[in-house]
Amino acid sequence: MGIVTPGFQGRPRSGAPNLPPGQYLTPDFPVLSAGPTPKVPRETWEFVISTETGMEYRWSWDEMMALPQETPTVDIHCVTRWSKLGTTWQGVSLDALLDGIDTAADYALAHSYGDYSTNLPLDDLRDGQAWLVHTYDGDDLPAEHGGPARLLVPHLYFWKSAKWVRGIRLMVEDNPGFWETAGYHDYGDPWREQRYQGD
Amino acid sequence: MTALPYVDGNMLDGPLGEVFAVDLSTATGRCAHCGTASPVAGLRVYSHAPGLVARCPVCTEVILRLVRAPDRVWLDLRGATFLQFPMPPE
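Those protein sequences? They're chains E and B, same order as listed. Position in the first sequence counted from 1, then plus 28, gives you our numbering. Under our numbering, the second sequence has 71 at position 90, and the numbering climbs by one with no breaks.
Here chain E stands alone, though its shape is the one from the complex (with noise of 0.2 Å):
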């Protein structure tokens, strides 16, 4: 009598190789949200990063449409263990909005209009790893998936790409945010499955 022996797999993998652990794939794309969406006008969108000094850098929603656009396909991945590859966004890389920005920080906080916030190291925003997007899929951001721009830090579970992001604080010292003060994984990487504290 035969007996099967699967042997020692570590942690429980997805069936698809392109997906990291404990995730499933969706042809959706949910729509998850702490709270009311808020509706932001172009006309008084702006977008601010402010340093450990003080220091506040400020765009408009023309000026920030003026600057580079990047059109990044890339593939999302929810803590709530969804995900969903191949998504297509445009807008501008952080390494445009940071640069020439003088700091010290090894932080960023993104702030969002709304009450939300989520923390990340600033190095997680340079060197084509993160994006200001304002279209998904080539039509607007909708409301509801955090338009008119969200924060896009593809390589992060997805509560880490703000909504409605208005800014970015850098500072010196990790401050957590809004998932991250109630449990979740400070850094969240989809791939060591981070999702929260002491994983």
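These are calculated hints, taken from the structure and not from any lab test. Incorrect hints may have been included.
[What the hints assert, rightly or not] FRET-style restraints, in silico, Cβ to Cβ:
1. His14(B) x Pro149(E): 28 to 36 Å
2. Asn46(E) x Met(-8)(B): 32 to 40 Å
3. Glu(-1)(B) x Gly226(E): 14 to 22 Å
4. Ser6(B) x Asp151(E): 42 to 50 Å
5. Glu172(E) x Gln65(B): 34 to 42 Å
6. Pro51(B) x Ala94(E): 24 to 32 Å
7. Arg154(E) x Val0(B): 39 to 47 Å
8. Glu80(E) x Glu(-1)(B): 35 to 43 Å
9. Glu(-1)(B) x Asp143(E): 24 to 32 Å
Yeah, the Cβ is synthetic: ideal placement off N, Cα and C, and Gly gets one too.
Since the structure of chain E is already known, use the hints to place chain B on it.
Chain B alone, transformed into the frame defined by chain E:
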């Protein structure tokens, strides 16, 4: 602000029942932001999120957050100045 779908605080009975030994369906919470005291059942709960976010029905500020990991739960009550529970007379 436009409203996204949320449900009333009655849905918190099960998740909070894991944490509290008392029945929360008849509890009252006071919003730390605007001072309104509301039945827990009257809070606006955003559940399509990585955790549960219960907001004041008057000012929409966060009163309570609950995050459930497989082996742990986090309860953040910084948005509430109190929770009041009816108790049987001593």
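Practice item. Enumerate the violated hints, using their earlier numbering and listing them in ascending order. Key: Of the numbered hints, just 6 does not hold.
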